[in-house]
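Protein chains in written order, with this note's numbering: chain A, 113 to 464; chain B, 113 to 464.
Derived from the structure by calculation, the hints contain no laboratory data.
Where a beta carbon is used, it is the ideal one built from N, C-alpha and C, also for glycine.
Where hints are given, some of them may not hold.
[To be verified] Label pairs and their calculated CB-CB ranges:
{"#": "1", "chain 1": "A", "residue 1": "Ser419", "chain 2": "B", "residue 2": "Arg132", "range": "38 to 44 Å"}
{"#": "2", "chain 1": "B", "residue 1": "Asn199", "chain 2": "A", "residue 2": "Pro206", "range": "30 to 36 Å"}
{"#": "3", "chain 1": "A", "residue 1": "Gly141", "chain 2": "B", "residue 2": "Gln156", "range": "43 to 49 Å"}
{"#": "4", "chain 1": "B", "residue 1": "Leu461", "chain 2": "A", "residue 2": "Ala395", "range": "30 to 36 Å"}
{"#": "5", "chain 1": "B", "residue 1": "Gly417", "chain 2": "A", "residue 2": "Arg344", "range": "30 to 36 Å"}
{"#": "6", "chain 1": "B", "residue 1": "Pro329", "chain 2": "A", "residue 2": "Ala395", "range": "45 to 51 Å"}
{"#": "7", "chain 1": "B", "residue 1": "Glu456", "chain 2": "A", "residue 2": "Ala395", "range": "52 to 58 Å"}
{"#": "8", "chain 1": "B", "residue 1": "Pro329", "chain 2": "A", "residue 2": "Pro206", "range": "55 to 61 Å"}
{"#": "9", "chain 1": "B", "residue 1": "His147", "chain 2": "A", "residue 2": "Arg344", "range": "22 to 28 Å"}
[Unchecked claim] Computed footprint of chain B on chain A, listed as stretches where at least three residues anywhere in the stretch have a Cβ under 8 Å from a Cβ of chain B:
{"#": "10", "segment": "186-198"}
{"#": "11", "segment": "357-363"}
{"#": "12", "segment": "373-383"}
{"#": "13", "segment": "409-416"}
{"#": "14", "segment": "440-449"}
[Unchecked claim] Derived list of chain A stretches under chain B, where covered just means 3 residues or more per stretch with a C-beta under 8 Å from a C-beta of chain B:
{"#": "15", "segment": "122-129"}
{"#": "16", "segment": "261-268"}
So the chains spell out like this:
Protein chains: 2
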Amino acid sequence: MPEATHAPVAAIVWEQTQLRLLDQRLLPGQEVWCHCQDAQSVVQAIRDMAVRGAPAIGIAAAYGVVLAARQCQGQADWRQQLEQAMNDLAASRPTAVNLCWAINRLRDLLVSQTESAQAVVALEEAAIAMHRDDEQGNRLMGETACDLMLASGEYPFAVLTHCNTGSLACGGYGTALGAIRSLWRRGGLTRVYADETRPWLQGSRLTAWELQREGLPVVLNADGAAAAILRRGEVKWVIVGADRITANGDVANKIGTYGLAILARHHGVRFMVVAHSATVDMATARGSEIVIEEREDTELTQVAGHSIAPAGVVTYNPVFDVTPADLVDVIVTEKGVVRQPTCEKMLALFAG
Amino acid sequence: MPEATHAPVAAIVWEQTQLRLLDQRLLPGQEVWCHCQDAQSVVQAIRDMAVRGAPAIGIAAAYGVVLAARQCQGQADWRQQLEQAMNDLAASRPTAVNLCWAINRLRDLLVSQTESAQAVVALEEAAIAMHRDDEQGNRLMGETACDLMLASGEYPFAVLTHCNTGSLACGGYGTALGAIRSLWRRGGLTRVYADETRPWLQGSRLTAWELQREGLPVVLNADGAAAAILRRGEVKWVIVGADRITANGDVANKIGTYGLAILARHHGVRFMVVAHSATVDMATARGSEIVIEEREDTELTQVAGHSIAPAGVVTYNPVFDVTPADLVDVIVTEKGVVRQPTCEKMLALFAG
């Protein structure tokens, strides 16, 4: 059984008076930490993608609420100020549903708080619990996903993943990358193909860095090479995370995921989504109802400040796409597994 | 009928004693020309991808043979020296079949030459004719492809293309991009989605530059966004070039093409390959017999000298993939059209 060669990566560190975030824009070249001492700097870190990944955004926002509560502690209008900060945090990235989930949980908790000092204590406890639960949930999902894969056929085998869904994207361990970590620990994995994941290059900058650091056998490829890789036959599962899963099992995730699901189906490779139940949005019926965030041209036209396209070129740069439920073989969450997702199966697991 | 706003782009200029090549590694930032005065510098320009695109490589190699013939003119062993130069040129890029086609045509012509000075004249005439024929062939293909698209349904519509198959890749006008130019001139085109085409970024650096310069409505997208774009319904054709087409109609082309063909089929979007008949390799039965060139790690790990992946990461970087004939709706060449290619149909058009 191969062992990780380095300590696990962590990207979110809570230090009572401040939140430290590993700045993911500067990886893999530099390991620089953002020190957030107020809610505004957390909003900025989320908006500018110093912190990214749906679960990590949710956890960072929760700590942002704690910082906001500290800022207005003892003031007459602390409740209004806190409400404003929560709204700002919730609006910092439009598609990530974990963000709203985390903030709504804290908002619910505030109802029973009458004093601002007590509120700070209660919010901090809740944020720390969310962070811890996220990592524990990931470990549970990882084992569940691994059981399912090892039971489904011969192993070891290769897998292919997209974007970054590891320790850097979560409270720790990772969702899709957590499943891959578990598979490696249990001797089921030959190698991980990591899509570089344009335009933000989460695969090359983050996934390759994180897996290499922990000694996992990662192979980096251009997104366009995925079809040729799947044709070779060594990859048995495509494993991805999710930014939002709707009530019918449609999956909004990093741009490129939908294409990958089509390619997997074409080659008879199974397609797994690993996500915390906070990612499930039962209030949205289907993926077509999700407004897809588009980001600026420069993500496509520049790399590290260097121009790679002609000035003024028109771009289309959606951050997410929607994979219809019928292309998903299985969704793994900490609450359980949904195979060939449908509204009925989703409702059975995620009602209430 | 919209008109081009700028003069057409040219990338290969023959000036009797030298070959000028627009250095495509430096576009779109700089327009720098390589001045090749001997065959070795042409080999280097092809190997280093200062010149790229299967037809352009073939034409550059043909002029390289002329330069080699000049170098050894009047020498006793001119024939052996020239043979060596032709072998070096043929080996400069392994997958491009036009390269071998061009050199073999010149080699055949040499059989009847007894004097080196006459050989230089004959080779130069032949190389210039190849260059001219390539552009004329492209214009013919463009019109043929356009007739076919306009006859196939309502227009105008959008198309999506991959890599660069334009003036920069050819003697002029372009193969797939030539078809798109013709479609634009005839009022059939709303916009061209251009895959950025990692790792070499031919789409953003070259196609976007070339189309923008001539006033065509180009929209640049990440390769991973193609599936989401095709789902929107505005794109009716995916149009690509080819580096080699085998006897059964399989198509070797820039990495990412195969995946795009699967995505097109999934969405009911038609998939067209536009290529000169020199790209057809009837001596190779099927795509699986093609040895796929892999290029260095740095194409994936660096952009403009800036590192975008952790040091020492393992990569898989194939330059081409193979699209099976059954995913191709039509192949358009200057010799004619093959719909739903099969061995029989290919043989009927390309025998001898």
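Going down the list of hints, with the structure as the test:
1. A/Ser419 with B/Arg132: 38 to 44 Å: Distance hint for A/Ser419, B/Arg132 is violated at roughly 25 Å.
2. B/Asn199 with A/Pro206: 30 to 36 Å: Violated - the Cβ-Cβ distance for B/Asn199 and A/Pro206, about 59 Å, lies outside 30 to 36 Å.
3. A/Gly141 with B/Gln156: 43 to 49 Å: For A/Gly141 and B/Gln156 the Cβ distance comes to about 31 Å; the hint is violated.
4. B/Leu461 with A/Ala395: 30 to 36 Å: violated, 57 Å
5. B/Gly417 with A/Arg344: 30 to 36 Å: 32 Å Cβ-Cβ, so the 30 to 36 Å window holds.
6. B/Pro329 with A/Ala395: 45 to 51 Å: violated, 39 Å
7. B/Glu456 with A/Ala395: 52 to 58 Å: With a Cβ separation near 56 Å, B/Glu456 and A/Ala395 satisfy 52 to 58 Å, so the hint holds.
8. B/Pro329 with A/Pro206: 55 to 61 Å: violated, 28 Å
9. B/His147 with A/Arg344: 22 to 28 Å: violated, 42 Å
10. 186-198: violated (count 0)
11. 357-363: violated (count 0)
12. 373-383: holds (count 3)
13. 409-416: With 4 residues closer than 8 Å to chain B, the segment 409-416 of chain A meets the three-residue bar; holds.
14. 440-449: Contact hint for the segment 440-449 of chain A vs chain B: violated, 0 residues under 8 Å.
15. 122-129: Violated - the segment 122-129 of chain A has 0 residues with a Cβ nearer than 8 Å to chain B, which falls short of three.
16. 261-268: This one is violated; 0 residues, fewer than the three required, reach chain B with a Cβ under 8 Å.
Checked against the numbered hints given earlier, this structure breaks hints 1, 2, 3, 4, 6, 8, 9, 10, 11, 14, 15 and 16; the rest are met.
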